[in-house]
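The whole structure should be built from the sequences, with the hints applied where relevant.
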Amino acid sequence: MSKTFTVFKREIAGYFATPVAYVFIVVFLLFTGITTFNIGSFYERGQADLMSFFFFHPWLYLFLIPAISMRLWSEERSSGTIELLMTLPISTTQAVFGKFLAAWCFAGIALALTFPIWITVNVLGDPDNGVILASYFGSLLMAGSYLAIGSLISSLTRNQVIAFVLSALGCAVLVAAGSDWVLNLVRSVFPEWVAENVASFSVQAHFDQITKGIIDLRDIVYFGTLLVGCLIANAITLNASKAD
Amino acid sequence: MIEIQNLTKRFGALTAVDDVSFNVGRGEVLGFLGPNGAGKSTTMKMVTGFLDPTSGTARVCGHDVTENPIAAQTKIGYLPEGAPLYGDMTPLGLLKFVAEARGIPASKRMEAIDRVVSRVHIEEVLRRRIDTLSKGFKRRVGLAQAIVHDPEVLILDEPTDGLDPNQKHDVRALIREMSHDKVIVLSTHILEEVAAVCSRAIIIAQGQLRFDGTPLELQAMDEAHGAVTLTLDGLQSAEEALSKIAGVARVEALEAPDGHSRYRIYPLESAAILGGLSTLAHERGWEVDHLSVESGRLDEVFRTVTAAGSRS
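Line order of the protein sequences matches chains A and X.
Take the first sequence: its position 161, counting from 1, is numbered 161 in the numbering used here, and each next residue is one higher.
Take the second sequence: its position 241, counting from 1, is numbered 241 in the numbering used here, and each next residue is one higher.
Honestly, the hints are just simulated from the structure, not real lab data.
Each statement offered as a hint is correct.
If you only want the chain A side, here are some residues facing chain X, beta carbon under 7 Å, derived:
id	residue
1	T6
2	G14
3	A17
4	T18
5	G80
6	E83
7	M86
8	L88
9	P89
10	I90
11	A243
Beta carbons are placed, not taken as given, at the ideal position from N, Cα and C, and that holds for glycine.
Below is the structure:
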């Protein structure tokens, strides 16, 4: 456990050692702002909630989260530091979780820095802060799932661009599984229960539930399973291929 | 301390390390020699737990590296080939990280770091980004991280590769200094390095163990070991007379500068021929310009040993 924290500390310090972290945070805030106000019509809706803010998160994270996760293991491979890390008396699981938690924490910091919009909506009206808190929680959970997928894919290649593209694609499949377009396509070929199953694999459906303020165990289990499952797969693939 | 038994690593059809066995004990400095791609790095990666062997075992201080990697890795300090380091960190940050990961208690960490920093002389770059450091400094930071926990077993993959002669000298001095209470295994393809720092040499080629002995034994394998090179003033035809000295196997005439003659005299199995030679020179009234005894050319031996086909 303490070794996980050792890796975590090194990683999180690494984010802020270069301007990349600050660039990322600025881009993150810029895009959440644009989607909320311009596309989501925050003011025009005239409602004291953050639906227009959270609505776009599953899509925004498609390219923002892989931008964090792409370097997790690819960079270790391409620079050769994976040999340094993996010959320290740290287990692969500790290294995987330490790196993941640092990335998640960093994503959490970026998300937390959107707090002015929460203040704004409280100044303008009287929103249900419970729903907003649940939505932030759901958004963080979803970011964690995307990161776990990205971390797994990053461990399979030494090329960060490939890691980015494949991670974005992987997450996109999970989001799109809940879209009407995909579901109608499935319905046209398969019976209804297949479509329902496909929809239940979608990040969108589970995230939508949470943003309504309903924290259902099923949604938590969904994200938790996705997250932990990917990280365990990550540790297994790394153990098998760390020197390749 | 290091016990390697029938260690084998295959990558698809390629056998990188082929049934290698040897032991190394405390106080030994083992030079690991071989041409590029011979399997040196692969062997070291298996000993440090980075690569799993296809078959065979590697044990470090009694711990099987495959079964109990963490226990083995705790005993090891390792400098991977090319000394990969986190470029966005400072040497100080990196050493703190490694010291913590190595389990040095917080109260003793700075003391341990101070000790290695002064040992490898990186005081002046301690707070600069590793990316911006010269190759020599990077290598020294790599060495520092390998010895920060004062390991019982030190494994260095080409520790002096790419360093200038002064830096090489410093690194060798450091290795000698640490050798008395540790097991040190270093790989190199620089032969003088083996004679300079190692108490034992192992040559592998095509993944197989070809030689295991002291550097002196290695030199003795050269045909020219113990041969005498003699340069005489004036043009002489001394070949006939020289070959009649007791204990001489054969005489070879070498090229010589104008007005000189030069011969190399090969003795039979470590026979002493210098006495007979000087008597002969005295009798004939030769003016001896230069005389030297060959200690054996490591590169010759290296070529012979590594070029030989598989021993089978």
